[in-house]
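Chains as they are written, first to last, in my numbering: chain A, 1 to 108; chain B, 1001 to 1769.
It should be emphasised that the hints constitute simulated quantities derived from the structure, not laboratory data.
Treat the numbers as computed from the prediction; the structure is a model and nothing was measured.
We treat Cβ as the ideally placed atom computed from N, Cα and C, and that holds for glycine.
Just so you know, not all the hints are guaranteed correct.
The list that follows gives simulated cross-link-like pairs (lysine-lysine, BS3-like), each with its CA atoms no further than 27 Å apart [stated by the list, open to error]:
(1) A:30 / B:1435
(2) A:30 / A:68
(3) A:41 / B:1435
(4) B:1756 / A:15
(5) A:30 / B:1371
(6) A:83 / A:30
(7) B:1371 / A:7
(8) A:41 / B:1371
(9) A:15 / A:87
(10) A:15 / B:1721
(11) B:1721 / A:83
(12) A:71 / A:7
(13) A:71 / B:1435
(14) A:83 / A:15
(15) A:83 / A:41
(16) B:1731 / A:83
(17) A:30 / A:71
(18) A:87 / B:1756
(19) B:1625 / A:68
(20) B:1756 / A:29
Among the chain B residues that face chain A by a calculated CB cut under 7 Å, a handful are [what the hints assert, rightly or not]:
(21) 1433
(22) 1597
(23) 1600
(24) 1644
(25) 1665
(26) 1678
(27) 1682
(28) 1684
(29) 1689
(30) 1757
Not everything, but these chain B residues come out facing chain A in the computed CB check (under 10 Å) [said to hold, decoys possible]:
(31) 1573
(32) 1576
(33) 1668
(34) 1690
(35) 1694
(36) 1758
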Amino acid sequence: MSVQVVKEGTTLIAKIAGDLDMVTGSQLKKEVDQRWDEYEKLNCLVLDLSQVNFTDSTGLGSILGRYKKVKSRDGRMVIVGAKGDVKDDLDIAGILRLCENENKEKGE
Amino acid sequence: METTESILYGSSRTKSRRGRRMDHVVLTPERLLDILKHIIACLTWLTIGLFTTKGLWEGTWGLIPLVLACTLGSNKDLIRARSLMIGGLLGLAHLTVSIYTCMTWLMIWLTMEVIVSIGKIQNRKVVIILASLLYPCLLLIGRRLAFPVITYISYSILSSSTLSLFIVGSEILLEKDRVWKPDECLVLLAASGLLVAGIFDNLILGVSISRVFLWLLVLSVGLLGGPVWGIMAGCVACLITSSHYYGYFYLLGGALSGVLVIVKGSNLLIIVVGVILLLMGGQFSVFGLEMILATLLLPVILKKAQIFKYSIPSAVPLERSEIKALELRERIDGFANTLAELSKVFSGLPVKETDIEKRKLADLIESIASKSCQNCLHQQLCWRESFILTYGNLSELLLDLETKTSTETMISKANRWCIRPRELVETVIYLWERKGQDLVWQKRLAESKNVVANQLSGLAAVVGDLGCQLDILERDQRSADIIASELKRKNIMVESLECSRFEHGLAVCLTVKRRNNSCLENEVRNIVSRATGTNMIVERHTCREEACDIYLVPKYLYEVDIFVKRKPATGYTLCGDSFGLASLLRGRQLISLSDGMGVGPEAALQSNTVVTFIEKFLSLNVCSKEALKLVNSVCFLSAERESFATVDLALIDKYTGELSICKLGSAPTFVKRGKRVVSLSSEAIPVGMLSTLNVIERKCFLYQGDLIVMVSDGVLIEGHKVTSDSNWLEKHLERNFGSPQELGESILAMLPDDNKDDITVLITQIKLA
């Protein structure tokens, strides 16, 4: 399990691999928040969940927490690569719907 | 029933073969008082008989003595019945001075004795037929007239219908513990009017006794039943007297007495009117005197007639408590509106974000000029002589900043027109970021304002709901009085009693004194059920040292059978899931399940807070949507760190079987009917994450045997690991199961022993009560 965070222009890309649980969730929070606070110009966070096979409530909490943080700066959060049960879990928690709205806005 | 004889002789009287013999006569003062009371009662009935024969002679309403005598006789009160007949005989003899009339009366008396001895008044057809035959005979013999057949038939019809009226009236009167129907009230009014009109109408000092009694009837009905019934009584009096001269006064008197119910000292007012009429002289003075006499007698009649007060239907002026309830509702509505306005003020406060957008450039340039160029040698040149050029260059620099141009590029660009390019660019970047920080804080402030606005809006909705509840829970003072009198009759001391109507019937909230240190719950329930004619159940019951609080509602149509089991994640002793089961007032069953973020104590605290607050808000009759919004606000404001909890909220109406479900970020809920399973998924984010929440409430009707299956996400995840099928639970539910317990155990049996996440299975089955 790992969290890789890359800054590209005003976008921060977090790539998560493995299970998104309490441990990975804390790591995601630490890594993303540190970089997000470091660069004031950042206005978009992309969470790449293509290599995530499982997520629990703590993992979902860490994603919602990042959404909250990004929104406080009027930024955007995009989730990419979610599939299978992870996608279902995100859907149940209403996170995909929030991000889908973001995607729509982005499309506009 | 204790007869006069038994009272006279007491229990010490014994019977010998030779007949009745008085062995030990003990005449105590109490017994003497009883004897005196009975003598007075007999004399009263004798007087009634004496007076009412006048009516008998002049109209069909005179059949009262026969009905009254039969009624008394059927109650085995022969002493009074015979007193009445003696009175009637004397009255008739005095009035007609005819041996034939008296003989006919004796024949009626004999009829009464026969009726009483063979089968009583219950056989009303016999009495009516006899009356319709006897009454014309009485007139025929008494007046020695030869009737044509048609007259005889007319009198027969009149006598039988009048008698029917009296019999029905007497039966209604015996049922004093229920609310009469309006037509029953009219029957009673007509019967009472005829009774009063039948009274011996000799003038005493110029005053008509029957008119005094008519006044009494009109005033007492008005005071007991309100203006509408007062006017009705006035109409009856008007018809009976057949005089427009007095008719207007009766109508006016009935209306006035009804209106004056709420005014203390209304009797005094009527006396004043009477005195004025008295002073007017002529016919008015007699009428005024009759009014005064009737008003003076009124308290005695009212005291006796109070038991009928709550049997008279509607048209009663508002009780003071109801007026207070209306005032309270108005105040609550006002309070709710104020809160809503306050909410609008908060949400409508100007957010400076837009202002910043508009003024950002100008402000920034001004700040840069004052900070960076203040001590520059070229300030005069740049800002006075080449103002437009400098302003344009700085605007371009800010545009570069927005398009994320690197610092070095910006410096090289500024180098073309500024003597201190690095210092300028650093200042520009610093001020730009500071403005950005301001923007973040202003956004946070705006968000807080939104939270407060939402809180106020939620509170306004809650308070508004409370105001509406006063409408739904309409007070029912009449039922309260009937129940109170019934409880009093059974020697149950009532400290407080309130009845209110809700959509499924009557709710009774009462506090009763304990008897011999034992609770009277069952006894009270039976009495209230009997008094209201509804099968009532005890919904709330609290026993205190001296009294018990009992809340009764009509019996539910459905009841619920619930199975719940939870298991903490392996390695933890505390389960992070919490559930709430509560039987709310007026037949609502609350079932809630919350999954706190993560596992262990923190998750348990979070989920438990959610479940507790939901129950608290719903107990206060707040609707599900508003309750969840308030819970979200509480969690959002109280959470120092990121945390959330999912919510599954189901409310079942046990009177109708209506199920309403709200889901916030929770695992699907399944509704199973036979082999058919419907899955309900969440459509909103969990509580505690964002300041606003969009709650969707779904409703459906459940039938006997339907199952609602709620699970935490741990169940689905752990089951998926075993079955490798994401729809395993839905497929499993399609099988047949006998009870919620059997189904619950079968689900748990499919899960592995070492579960990473908390597991909760909550199954509810609805069945007929």
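* What are the numbers of the hints that this structure violates, sorted from low to high? -> Violated: hints 5, 7, 15, 23, 26 and 31.
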